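S.K.: Sequence:
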Amino acid sequence: MPWLIRLSVAVLFFALFLYSDVVEARPYLPALPLHIATEVQALTSGPALDKIEYGVRAAMTGADQFTLDFYPLSQQDKTLCRLNFQAAGLLTWQRSMAETPQPASQPLFLQPGFPLPVDILPVGQEAAQEKYEVKSSGGGRTFLKSYTVAVAEIAHETARQNGWLKVSLAPDALLHLYTVTDSNDNLVARQLWPAQADWWLFEETAFRRSWLIK
Numbered sequence: 001m002p003w004l005i006r007l008s009v010a011v012l013f014f015a016l017f018l019y020s021d022v023v024e025a026r027p028y029l030p031a032l033p034l035h036i037a038t039e040v041q042a043l044t045s046g047p048a049l050d051k052i053e054y055g056v057r058a059a060m061t062g063a064d065q066f067t068l069d070f071y072p073l074s075q076q077d078k079t080l081c082r083l084n085f086q087a088a089g090l091l092t093w094q095r096s097m098a099e100t101p102q103p104a105s106q107p108l109f110l111q112p113g114f115p116l117p118v119d120i121l122p123v124g125q126e127a128a129q130e131k132y133e134v135k136s137s138g139g140g141r142t143f144l145k146s147y148t149v150a151v152a153e154i155a156h157e158t159a160r161q162n163g164w165l166k167v168s169l170a171p172d173a174l175l176h177l178y179t180v181t182d183s184n185d186n187l188v189a190r191q192l193w194p195a196q197a198d199w200w201l202f203e204e205t206a207f208r209r210s211w212l213i214k
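According to the working numbering, the sequence shown is numbered sequentially starting from 1.
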């Protein structure tokens, strides 16, 4: 029956189209909800003050637009903070849902002292090293800060020995470490990513350390 053959071919092509969308991961757009664990450090050197476990989920809001919500595992309907990725590379974020969304910078958004790992790095841009300038405002003034983002391949064994892994990976997994430093060469943030993934495995600033649990 020719019509049945044509229908089967159409269904096959549609399935391949859907599958190609699924496997083409986009950084910071997780296909499934995530389980994250974070250790929050004191503002001065010392032991971790608190350990937090929570979820992260994304929701599409339009073509090339989505929200990224952080929520307690025990209260999945309660959003702690939100990033809103809009069209044309625009980004807003809310430190809490009681606050008005504030404009933020892409592809480099840094909040190293915030207790949840909301930093956005230029993942997928595989230049070995690149400089960025980020504008911020406060007290009626505009500030310009310079950062350098470096990318390096990291061996699985190195990541394991450094305590960066809480999930199982193949020994030959390709890993990239994105490191952000300021104009004085101080560490601002780092994230460990598998190749072509939608989320990091490990994230660190001077004030927190976070791991992907599952």
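Derived from the structure by calculation, the hints contain no laboratory data.
Be aware that one or more of the hints could be misleading.
Okay, derived cross-link-like pairs now, DSS-like style, lysine-lysine, Cα gap no bigger than 30 angstroms in a straight line [as the list claims (entries may be wrong)]:
hint, residue 1, residue 2
1, K214, K166
2, K214, K51
3, K145, K135
Source: prediction; values computed, not measured.
S.K.: None of the hints should be skipped; say for each whether it holds.
M.R.: Hint check:
1. K214 / K166: 8 angstroms, holds
2. K214 / K51: 17 angstroms, holds
3. K145 / K135: 6 angstroms, holds
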